[in-house]
Amino acid sequence: MGNLADRLKADLHYREGMRACINCGTCTAICPAAEHYDYDPRSIVELVQRGDEEELETLLKSDAIWYCGECMSCRTRCPRNNTPGLIIMALRALAQETGFFTESEKGRQQIYLKRTIGHDILKTGYCVYAEGLGTDTHPEQGPIWDWRQNNWKAIMERLGANYQKPGPGAMRQIPEEALNELHKIFEVTGAFERFEKIEQFSEKKAKQLGLQWDDSLNNEYIKQLYNGNSNENSNN
Amino acid sequence: MKNRGKQLIWQNYQKDIADDHFFYVRSCIRQNFFPGAETTFLRILKDVLNKDVYDDPSHTTCTGIGYHTDIVPLETTMTVVARQFALMTEKGYKNFIPSCVTSFGLYLEILETWHNYPEVLEKTRSNLMLATGRSFVLPENIVHASDVIYKFRSEIAKKAKYRLVNIHTGKPLKVVEHIGCHYAKMFPDKSVGGAEFPRVLSGIIEEWGGEVIDYPERRHCCGFGFRQYFIKANRGYTFSSVKKKFDSMSPYEPDLIVTNCPGCNVFLDKGQYVISEQEGIVYSRDGYGIPVLTFEELTGVVLGFDPWDIGLQVHQVSVEPLLDKIGVKYDIQKKYTDKNNRLLGKPVKPTLLKTL
Ligand code: SF4
Ligand code: SF4
Numbered sequence: 001m002g003n004l005a006d007r008l009k010a011d012l013h014y015r016e017g018m019r020a021c022i023n024c025g026t027c028t029a030i031c032p033a034a035e036h037y038d039y040d041p042r043s044i045v046e047l048v049q050r051g052d053e054e055e056l057e058t059l060l061k062s063d064a065i066w067y068c069g070e071c072m073s074c075r076t077r078c079p080r081n082n083t084p085g086l087i088i089m090a091l092r093a094l095a096q097e098t099g100f101f102t103e104s105e106k107g108r109q110q111i112y113l114k115r116t117i118g119h120d121i122l123k124t125g126y127c128v129y130a131e132g133l134g135t136d137t138h139p140e141q142g143p144i145w146d147w148r149q150n151n152w153k154a155i156m157e158r159l160g161a162n163y164q165k166p167g168p169g170a171m172r173q174i175p176e177e178a179l180n181e182l183h184k185i186f187e188v189t190g191a192f193e194r195f196e197k198i199e200q201f202s203e204k205k206a207k208q209l210g211l212q213w214d215d216s217l218n219n220e221y222i223k224q225l226y227n228g229n230s231n232e233n234s235n236n
Numbered sequence: 237m238k239n240r241g242k243q244l245i246w247q248n249y250q251k252d253i254a255d256d257h258f259f260y261v262r263s264c265i266r267q268n269f270f271p272g273a274e275t276t277f278l279r280i281l282k283d284v285l286n287k288d289v290y291d292d293p294s295h296t297t298c299t300g301i302g303y304h305t306d307i308v309p310l311e312t313t314m315t316v317v318a319r320q321f322a323l324m325t326e327k328g329y330k331n332f333i334p335s336c337v338t339s340f341g342l343y344l345e346i347l348e349t350w351h352n353y354p355e356v357l358e359k360t361r362s363n364l365m366l367a368t369g370r371s372f373v374l375p376e377n378i379v380h381a382s383d384v385i386y387k388f389r390s391e392i393a394k395k396a397k398y399r400l401v402n403i404h405t406g407k408p409l410k411v412v413e414h415i416g417c418h419y420a421k422m423f424p425d426k427s428v429g430g431a432e433f434p435r436v437l438s439g440i441i442e443e444w445g446g447e448v449i450d451y452p453e454r455r456h457c458c459g460f461g462f463r464q465y466f467i468k469a470n471r472g473y474t475f476s477s478v479k480k481k482f483d484s485m486s487p488y489e490p491d492l493i494v495t496n497c498p499g500c501n502v503f504l505d506k507g508q509y510v511i512s513e514q515e516g517i518v519y520s521r522d523g524y525g526i527p528v529l530t531f532e533e534l535t536g537v538v539l540g541f542d543p544w545d546i547g548l549q550v551h552q553v554s555v556e557p558l559l560d561k562i563g564v565k566y567d568i569q570k571k572y573t574d575k576n577n578r579l580l581g582k583p584v585k586p587t588l589l590k591t592l
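Heads up: the protein sequence lines correspond to chains A and B, in order.
Residues in the first sequence are numbered consecutively from 1, following my numbering.
Residues in the second sequence are numbered consecutively from 237, following my numbering.
Worth double-checking, as some hints may not be accurate.
As the list claims (entries may be wrong) - Straight-line Cα separation of at most 27 angstroms, DSS-like style, residue types lysine-lysine; simulated pairs:
no., chain 1, residue 1, chain 2, residue 2
1, A, 184, A, 223
2, B, 575, A, 153
3, B, 585, A, 184
4, A, 123, A, 61
5, A, 123, A, 197
6, A, 165, A, 197
7, A, 153, B, 395
8, A, 165, B, 394
Unchecked claim - Just a sample of chain B residues kept apart from chain A, beta carbon distances all over 12 angstroms, derived:
no., residue
9, 302
10, 402
11, 575
12, 591
These are computed hints drawn from the structure, not numbers from a lab.
Don't be surprised by glycine CBs; every beta carbon is placed ideally from N, CA and C.
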């Protein structure tokens, strides 16, 4: 186990992202997340640099570590070669390891990502499988997307995709043996352990909050975190 | 121009782009959203430039979106990436070209980590061997697919049927180039031109007769933000970024936006619909908005490919006003048809944004 600061320091993202912060605030000035949310990468890097256990635990339980969009714009601009975005990745990994992620509204959203993107990767070999993802959940995709969804296969074929067929090409059926290899890689490298932790801690939290829980995307707990917003996060 | 000196500094960022024999890996987002763009890219490489490019049926997602939504650990992603390299090694290729900018950044990040921590590379090798029995050689050359078009931009210009010039006024088209963040912001020295003044798209646009617009929020992220888009409750992050960019670029009245990252294209295109519905704003005088093309699509257009073979009909913002300016001939009757020319019905019209 070890303490939180030591566990962070062992993370490769942390080692790559954290040199020495001079607290200049350049990262915050150019950060798109800081424009939208009440978010300040500078103060997070500073807090992490101080390494105080209590402060770290509070940070890991907070929404603050879930606002970053991992665009890595901060990496280019930091005069000291730190990468706040990579430090955020290390914090998020630790929040999932410890279960602290379920203590914040934005952290709780991990279960949705695990059950969509995580499952798509293993089932299809694609990290996003957009067929069937309609404008009911994705209204921003517009009427052109309804047309695409209504004619998914015909449009794929019109545009030269090898839709759900063996052999090369766009949206081909990824061979069973490739999917088995992905599965095996996930097993050997600890991805399933992370998946399991996300599931277990989320279930525990759902029970604690008295929200209905099952293994679909339609349980009360997931519906709330997917649609709901306390509006305490935004700048405007 | 006052910033000329600064631009020259960034021109120091140059890199080698292989000439031939490419191992192509596809993008999950591009395949789902713009399958025609990848078809077009391969057609350009094979039929126009006569290059050898291998499209392996067995490659998979790099897990990039899982990685950047923090559900997939680094060790896992490294091993999946190693598997892609193993497929390349087995087929005898050394030049790796990803279609996706998120993947491109991720491959560079992992190569850097392996370089800095050789023990991590060794561990990845043994993980891959254990999981799949495969082994791999590191690629000799790794560039983004848009880098390849950049390299052959003059050859393409010579074969082009159209130029990025308004045939009615004779003036160059005004073009916004939007570079995916992960193309150069992480590793400026692995890009063409660096992070502030990347040349990868602007070099192409100028070569083909267009004029590049320099606007304040040019380097702002499109707002994808991975978890910020995927979860409905966070999606305001994405579309407020899109709005910021359009508010900043629209005074320059662009004719066209070109992207090299598939995600950016989705948000800059669909975002114009969102802003028109929510805020009542359309960012062009004619009411059609600003067309957003991927770099493959734009290359196909100048080469004279049929716009509906390229897949320009899948964008929410209609492309016809742009095609008319360039002088491209097209058959509007074929826009919404299947491969046998049967009409697939027409999309519903948005409230404010005009479409064709
Ligand atoms: S830009 Fe770098 S040095 Fe400045 S506050 Fe951010 S992390 Fe610290
Ligand atoms: S990676 Fe995160 S912290 Fe860095 S600029 Fe992007 S959103 Fe901000």
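Hint check:
{"no.": "1", "hint": "184(A) / 223(A)", "in the structure": "violated (31 angstroms)"}
{"no.": "2", "hint": "575(B) / 153(A)", "in the structure": "holds (11 angstroms)"}
{"no.": "3", "hint": "585(B) / 184(A)", "in the structure": "violated (47 angstroms)"}
{"no.": "4", "hint": "123(A) / 61(A)", "in the structure": "violated (31 angstroms)"}
{"no.": "5", "hint": "123(A) / 197(A)", "in the structure": "holds (20 angstroms)"}
{"no.": "6", "hint": "165(A) / 197(A)", "in the structure": "violated (35 angstroms)"}
{"no.": "7", "hint": "153(A) / 395(B)", "in the structure": "violated (33 angstroms)"}
{"no.": "8", "hint": "165(A) / 394(B)", "in the structure": "violated (37 angstroms)"}
{"no.": "9", "hint": "302", "in the structure": "violated (5 angstroms)"}
{"no.": "10", "hint": "402", "in the structure": "holds (26 angstroms)"}
{"no.": "11", "hint": "575", "in the structure": "violated (5 angstroms)"}
{"no.": "12", "hint": "591", "in the structure": "violated (8 angstroms)"}
Taken one by one, the earlier hints fail for this structure at numbers 1, 3, 4, 6, 7, 8, 9, 11, 12, listed in ascending order.
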